[in-house]
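Asker: Below, each chain spelled out in residue letters.
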Amino acid sequence: MSKLPSTQLARAGVVGSTAMKLGVGKIKTKVKRPFLSESASQRSEEQREDQEAELLFKAITQLRGTAVKLAQMLGMETEVLPERVRQELSKSYHQVPPLNRVLVRKVIQDELGSTPEDLFKEFDSTALAAASLGQVHRALTWENLDVAVKVQYPGIHVTIDSDMKLLGTLVGGGSKFLSKERRPNEEILRKSLSEIAARLSEETDYINEAENTRWFNTKLDIQGVETPAVLDEFCSKRVIVTEYMSGVHLDEWLRTNPTQEERNRAAQHIYDVFFQSAINLKRVHADPNPGNYLFKDNGDIALIDYGCVKVLGERFVRHIPTLLYAFYKGEYEEILNAYEQLGMKIRRDAQEDFDKVLRPFGEWLSLPFQRETFDFKTNNRYTVNGRNLIHEMAHLGSFESVEEDFIFFDRTIYGLFKIFEQLEAEVNFVDHWKHLWHQSGILDDASGVGSE
Amino acid sequence: MKISHKVKAQTRLRLLEAAVDVITEKGFEKASMREIAKRADVADATIYNYFSTKEKLLYGYCAHVQTLVLEELKAIDDFHEYSLRDQLHQLVEMEIRMWLPAREFLQVVFAQTYAAPSVGHELLAETKEHLKSMVVELIDASIEAGEMPEQPYQDLLPALFWDYQTAILAYWLKDTSDNFANTTKLVDQSTEIIAQLLLGGVIGKTLDMFSFLFRTHVLQHLNTLDNLMMQPELVAAKRRFMEGAE
Chain A
79 MSKLPSTQLA RAGVVGSTAM KLGVGKIKTK VKRPFLSESA SQRSEEQRED
129 QEAELLFKAI TQLRGTAVKL AQMLGMETEV LPERVRQELS KSYHQVPPLN
179 RVLVRKVIQD ELGSTPEDLF KEFDSTALAA ASLGQVHRAL TWENLDVAVK
229 VQYPGIHVTI DSDMKLLGTL VGGGSKFLSK ERRPNEEILR KSLSEIAARL
279 SEETDYINEA ENTRWFNTKL DIQGVETPAV LDEFCSKRVI VTEYMSGVHL
329 DEWLRTNPTQ EERNRAAQHI YDVFFQSAIN LKRVHADPNP GNYLFKDNGD
379 IALIDYGCVK VLGERFVRHI PTLLYAFYKG EYEEILNAYE QLGMKIRRDA
429 QEDFDKVLRP FGEWLSLPFQ RETFDFKTNN RYTVNGRNLI HEMAHLGSFE
479 SVEEDFIFFD RTIYGLFKIF EQLEAEVNFV DHWKHLWHQS GILDDASGVG
529 SE
Chain B
4 MKISHKVKAQ TRLRLLEAAV DVITEKGFEK ASMREIAKRA DVADATIYNY
54 FSTKEKLLYG YCAHVQTLVL EELKAIDDFH EYSLRDQLHQ LVEMEIRMWL
104 PAREFLQVVF AQTYAAPSVG HELLAETKEH LKSMVVELID ASIEAGEMPE
154 QPYQDLLPAL FWDYQTAILA YWLKDTSDNF ANTTKLVDQS TEIIAQLLLG
204 GVIGKTLDMF SFLFRTHVLQ HLNTLDNLMM QPELVAAKRR FMEGAE
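Taken in sequence, the protein lines are chains A and B. Under the working numbering, think of the first position of the first sequence as 79, with each following residue one higher. Under the working numbering, think of the first position of the second sequence as 4, with each following residue one higher.
Everything labelled a hint here was simulated from the structure, so no lab data went into it. Any given hint could be a false lead.
Unchecked claim - Lysine to any residue pairs mimicking SDA-like chemistry, simulated, CA-CA at most 20 Å apart:
no.	chain 1	residue 1	chain 2	residue 2
1	A	LYS199	B	ASN185
2	B	LYS188	A	ASN178
3	A	LYS455	A	ASN506
4	A	LYS315	B	ASN182
5	B	LYS77	A	ASN178
6	A	LYS315	B	SER180
7	A	LYS315	A	ASN506
8	A	LYS199	B	LYS188
9	B	LYS188	A	ASP188
10	A	LYS315	B	LYS177
11	B	LYS188	A	GLU189
12	A	LYS315	B	ASN185
13	A	LYS199	B	VAL238
14	A	LYS374	A	GLY302
15	A	LYS360	A	THR296
16	A	LYS407	A	THR456
17	B	LYS188	A	SER279
18	A	LYS496	A	GLU409
19	A	LYS315	B	ASP81
20	B	LYS77	A	SER192
21	B	LYS177	A	VAL236
22	A	LYS315	B	LYS77
23	A	LYS199	B	ASP80
24	B	LYS188	B	ASP80
If you're wondering where the values come from, they're calculated on a predicted model, not measured in any experiment.
For reference, chain B alone in the conformation it holds in the complex (with noise of 0.2 Å):
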């Protein structure tokens, strides 16, 4: 029997959910794929087919969460008539909107990915990719609108409004303030600070000041070092050392 797309896109998301549930109340260790598959109403060993890991569906989820705040920006009707502050405001206020319901989940991620931030950072690449490719599409609608200048290091931008965005996850797992008033107050002042950034191109100029000053102090240090190594007597010891003489 031939599985269509959709019924497939439908049990994976089926079991990304269950995850959500069954991880929030056992915590990461003691959920178990078995009763994730039960939950999901999916046999034991067909969700192997869709997660190979318990890893895999716990950061499956966190890219699950970029499509939702994709298709709920997509729906706003005048999306594209805000400004990029605006924008970028409702980008942040959406992903905490669709991570409210998984809170306590998205403190297990955290969790999890603090204590193994090599295989974290690995699996939570798609995530990652996914609210890039969203900001790079604002980014370049601004350029394109006369709004935002084109700027040195702009390919830099999403990846450092990644970083903008998961610290304010952070700030907001902790916010213990009503209806969590500070992170509200938080984001509302930190995207004005970032869109006065991107629209006067700072972040690129302090970037093109700093490689000026690297070129000009640190690589000429650097060729002080080339020099010292090609010191004939050095590079006969380097030799020596490198083929085991002595």
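The following block holds chain A by itself, in its conformation from the complex (with noise of 0.2 Å):
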């Protein structure tokens, strides 16, 4: 398992933002220095970040879907955005400003022909939760089924288009500040960002939605870990219905003072997901931010919003083991090969570059793997770690092409990595692949592994 997309994705955040301080932080501060003491102008950079995650996150509010989701998928995986930024951008998770009542009234009245007064027993008209694209309120069926209706912003589907030429625009421009060896390759750039705009308008159709959640509901089966079901007669496009999951946010959740184990528990619960979803079922939940998970006061999890889906190829899935094995045992003979037979372009005269980037990657990458049990709370920094590295590995020129399979289960492992550092939780990695590196005879000899 390769970061090196997130590492793409990285970049794209690094000039993303690099760009919206350029546009925004940079010339307010530059407008307001004539008019300090140099000890005020001081105090005014140190400011600035703040004022620039403030006025980010009211931009954000104000675009609502498209630009929250892509903030999300950007600030999630990128050290790189300053602090601040991130803290503000993480409120968005679940915390976007409501739609009122009469646009609630109208997108249900418009997809589902009927008022919510008509189609429920009982509606309630406050949000539960704002999602990314949409949100989401609590309401009683006829028949006393307690129900998640998930209402879409209108027109939504209308602004994304218009917004995804508008990032594309301002990467573009803002890579033009950057030096040159820092200026991100522009077909992966391209390639993510427009992997994300598919991600994007998929995520726009709840139909789509809702045949993903049928699918997790039938297809997934982990005990203590529950899916909602689908109440088909209430979907539309732009409205889905499920079935109501109990549960609280991880914020909310880590403030009720859970123990080691419960929160061992979680984490257990969301990795065992992730493996089982990707490797057997070969569609991964590739939406990691701590939103779409709800817990338990004993540990199990809920696993909601099924927006972004996707649906991993055959050959990736085949041979993603083998390069996690090579990166397990450092062969970097091994972990060419396993990249060339996933798919990606790699020159192979570029030892120097390996040596430096890719041996120290490798190390970074298969730590989890080392032990039984890794724990998050004494290697809290392993994602900050793993930044600079994944930088490196990302600026490697002998990469030419990207699998685009890659983006999205990287992007998902490290989302997954950094919830579990907020949980300071001790997950079990290795046991899965053990079996499996067994099972497809990529290694005879399992006691060598997780014992060192």
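Each of the two chains sits in its own frame; use the hints to bring them together as a complex.
Answerer: Written out as structure tokens, the structure is:
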């Protein structure tokens, strides 16, 4: 499993944030400076990050859908954004200003042909939670079933196209401000953006989401992990109604001081879901933002929001264990072979790159597999430490193309690791893979793995 | 035979709906009273008991839409619990919803009104009154609930809202976005602004300021003009002119 593609996304993040800074913050500071004493100017510089974050958040909440989603996608995996900005962004996971009751009513009436009060016995006009492209209301059906009604921001599908075009321009323009060696690979950047655009427009189609929800509800079978059932008769392109899931969001759950055991349990559930869906079901819930999980008292979880689901290719799923094993063993010829099997074009004449970049990257990557359980409490800077390595990987000239599946696979894992760090949990990674390596004949002697 | 009030109202409505169909199909000029009567299943001469001209049918339907809007708003159980902003938003959305089946007809209404503004203005008076009375009611309720302050020139607000509503409908008629998404967004954002203006009493305060400027500066000049007019020679000249001397 390579970290390469999140690197490409990380780059998009660098560029995006640079452009944003130039566009908002820098200009503001420049305008302010002439009227300030030197020390005040210093303070102003320090405040700039704060102001930027607030401005950004305000702008994002104004734009609603697309921008929130993009901010989530970019903010999630880029340590590059200033801490304060990321804090503000993380608010947007489930705190976007709500649609008022008039619009909720309008969307439901337009989509389902009746008003909420006709369709449901009870309908709470105050939103339960704000999702990225919509918001969720709690309701009671006439059959007394507790349900969650997700309503899409009206017209969001219309603005997504223009927003993505705007972002393309912003990113393209922003990259001009970067020095040549930091400038992103155009092809990879374009691919990342178009992949995000495709996923976004898929996400506006709730029929697709209903289908994914149904799919996971029937296929995913893990003790302690709940998935909601879909109420088909209430679903349309812009409205989706599912069984109501109990539980609280991550931040709120952590405030209840769950025990270490409960936190481990929750994290392990999350990883098990990822592994089972990616490897066995070949479909990942590729939106690892904490808002998509609900946590229960005992560390059980519920998986909600299936808007961003990526179907993984046969070849990708077949060869990813080989790549990971090669990284685990630190055999670089094998790593290159595995990358090639995965469809990545690599120049093999750049040995120096590999010694300088690929080796430390591989060591970092395989760290969680070197022991039975990996403790994110003692390794609470794992993703931060990987940041530079990821960057260097991205600037490695030897990769000429990147397999699309990597983008979402890696983005998901990186996002999950960030959640594990927040949970300060101990997670077992190696057993799943060990089993798989054994099963597929990559590994004959399983005893050598995970026991160092 | 005496025709009941109810039957009369039904016939009137049938005529209005027939007018929408015929005018939408044929255009205003080519639509005939005879065809509208026929479509409504009403005798040729009887239509004139209800509407003396085609224009009255055209604008009669506009007034009818307002009564539909009012009925629909009343049908929302907790409408009285909505904030002023949500109520105004719902009002505008309801206007659009009620106009939706007759959107092409509304296009004709706009075209006709621009073609003959004075006639249109006169015949739209009833529609305008309907809308204004709804807005007055919303504003009064909001003031009574202490949500919105009483403000000078309060009577002007419903008229301003009428202009706003007209502009929104005009925008909607030109809106080609999927499901009129752009209009939805515009209404959402503009009603927010309007509510803020009303709740902060901004419109009243602004008009107050203009009134002050007007009184202090413009009227003073008028006084100068007045004095000028009062110059004996000018007065004499004026009298001579008025009396047709010389």
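Asker: Run the distance test for B:LYS188 versus A:GLU189: straight-line Cα separation, threshold 20 Å.
Answerer: holds, 17 Å
Asker: Take the C-alpha atoms of A:LYS455 and A:ASN506, compute the straight-line distance between them, and say whether it is at most 20 Å.
Answerer: holds, 14 Å
Asker: For the pair we were handed, A:LYS199 and B:ASP80, check the Cα-Cα distance against 20 Å.
Answerer: Since the Cα atoms of A:LYS199 and B:ASP80 sit roughly 14 Å apart, the hinted pair holds (cutoff 20 Å).
Asker: For a C-alpha distance cap of 20 Å, please report whether B:LYS77 and A:ASN178 respect it.
Answerer: holds, 19 Å
Asker: Quick one, are B:LYS188 and B:ASP80 close enough, alpha carbons at most 20 Å?
Answerer: Not OK: B:LYS188 and B:ASP80 at ~25 Å, beyond 20 Å, violated.
Asker: Holds or violated: A:LYS315 and B:LYS77, Cα atoms, limit 20 Å.
Answerer: Violated, at about 29 Å.
Asker: Given the hint that B:LYS188 pairs with A:ASP188, does the C-alpha gap stay at or below 20 Å?
Answerer: Within the cut-off at roughly 15 Å; holds.
Asker: Given the proposed pairing of A:LYS360 with A:THR296, does the C-alpha separation stay at or below 20 Å?
Answerer: holds, 14 Å
Asker: So if I understand the rule, the pair passes when the alpha-carbon distance is 20 Å or less; does B:LYS77 with A:SER192 pass?
Answerer: holds, 16 Å
Asker: Take a quick look at whether A:LYS199 and B:ASN185 sit within 20 Å of each other, Cα to Cα.
Answerer: Violated, at about 32 Å.
Asker: For the pair we were handed, B:LYS188 and A:SER279, check the Cα-Cα distance against 20 Å.
Answerer: holds, 19 Å
Asker: Checking one constraint from the list: CA of A:LYS407 to CA of A:THR456, max 20 Å. Satisfied?
Answerer: Violated, at roughly 24 Å.
Violated hints, in rising order: 1, 7, 8, 10, 13, 16, 18, 19, 22, 24; the structure is consistent with all others.
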